Amino acid sequence: MSTRLDNVANTQTSFTTTPRRAWLALAVLMLPVLLIAIDNTVLAFALPLIAEDFRPSAATQLWIVDIYSLVLAALLVPMGSLGDRVGRRRLLLIGATGFAVVSAVAAFAPSAAALVGARAALGVFGAMLMPSTLSLIRNIFTEDSARRLAIAVWAACFTAGAALGPIAGGALLTRFNWGAVFLLAVPLLVPLLIFAPRLVPESRDANPGPLDPVSIALALTAMAPLVWAIKDMAHQGVSTWSVAAFGVGIASAVLFVRRQNRSATPMLEMRLFRHPPFASSVLANFLSIVGLIGFLFFTAQHLQLVLGLSPLQAGLVTLPAATVSVIGGLAVVPLARWFGPDRLIIAGLALVVAGFVLILLFRDHLTVVAVIVSLVTLELGVG
3 MSTRLDNVAN TQTSFTTTPR RAWLALAVLM LPVLLIAIDN TVLAFALPLI AEDFRPSAAT
63 QLWIVDIYSL VLAALLVPMG SLGDRVGRRR LLLIGATGFA VVSAVAAFAP SAAALVGARA
123 ALGVFGAMLM PSTLSLIRNI FTEDSARRLA IAVWAACFTA GAALGPIAGG ALLTRFNWGA
183 VFLLAVPLLV PLLIFAPRLV PESRDANPGP LDPVSIALAL TAMAPLVWAI KDMAHQGVST
243 WSVAAFGVGI ASAVLFVRRQ NRSATPMLEM RLFRHPPFAS SVLANFLSIV GLIGFLFFTA
303 QHLQLVLGLS PLQAGLVTLP AATVSVIGGL AVVPLARWFG PDRLIIAGLA LVVAGFVLIL
363 LFRDHLTVVA VIVSLVTLEL GVG
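Its first residue numbered 3, the sequence shown is counted upward by one per residue in my numbering.
Some hints could be false.
[Stated by the list, open to error] Pairwise CB distance ranges, derived in the manner of DEER restraints:
1) Arg260 - Phe341: 17 to 25 Å
2) Gln315 - Arg345: 35 to 43 Å
3) Gly342 - Val88: 35 to 43 Å
4) Thr369 - Pro212: 51 to 59 Å
5) Arg260 - Leu26: 43 to 51 Å
6) Ala246 - Arg23: 24 to 32 Å
7) Arg276 - Arg345: 19 to 27 Å
8) Phe300 - Leu26: 21 to 29 Å
9) Gln238 - Ala208: 47 to 55 Å
10) Ser59 - Leu26: 43 to 51 Å
11) Leu26 - Val245: 28 to 36 Å
12) Leu307 - Ala208: 30 to 38 Å
Hints listed in this document are in silico derivations from the structure and should not be mistaken for laboratory results. Everything numeric in this text was worked out from a predicted model, so none of it was measured. Note that beta-carbon positions come from the ideal geometry of N, C-alpha and C, so glycine has one too.
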């Protein structure tokens, strides 16, 4: 996954990429995107059952949910850089194989600690999947209009997966135990492993810069201590350890940015963030996805533990929002052409804020209808 501003030469295997083959390849590449998104949200609806089995503390429950996203986010850029060197399709297939195997391990985890470890490993392999798919799409679709549509489909699939996770999880949890939500990976990844070598051309950076282990270490030591500090402060209040961890995270982040700015071949081109459209879109996407995942986490608990819904019923509550998110994601390309990306980002963030305001207004009478209205508003903004 190239992160440099200049044009990067790529080598590609000798596939004849016809329009039909390109769209079939996109369909195959959507499978891991859908899986990663589902895995971000499906576990929230299984937490009550996991809590019954393992009796974990509140902090451990948060780690079960969040360790996956933490590791995934910390390794996205390093894995993108690795894919430039070893081949993006190869990295995709390695990640898919590892993800499927570790998902089976997580499904039969004997303890909460083992489940946290399995979720961390899933984050590692998930980080191999995400940047590979986007880089491969860029190489498959060379025409600007087709590429924009393909990326819109990619984004819509991710948003839809996040919304469909509760539905899929709820359906499984009505008949099976909580481990079933992890086994979702197998039917999604087996077709990828079969068809990707046939439909997706291999590509890599023809002139990659040297691998930078220091930058990789700084990225990890920036993300992990910050998240741990925030969790610890929320659970136990401000302490010496949480303040120290926060300081380590901030210092590592500053050192990472300085190293990227001084490097001739940075792992992440920081100059990209000087462009307002790019910086604002990244920030908007980050805030909206974080808001959505947090919303689903607490909504899942409320629907099941307070309102008494079954996992399937709670999942179906999110169905209208899932539909809206898909429609919104696919409508982004024409809407951006008509109104401009800046206005679209502002409108999306306004809808996300409106979704949270509605929850705040309904907090004393948070019925199923109130949850649906709030979630639809939020998902429309995210999409």
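Could you tell me which of the hints above the structure violates, numbers in ascending order? 1, 6, 8, 11 and 12
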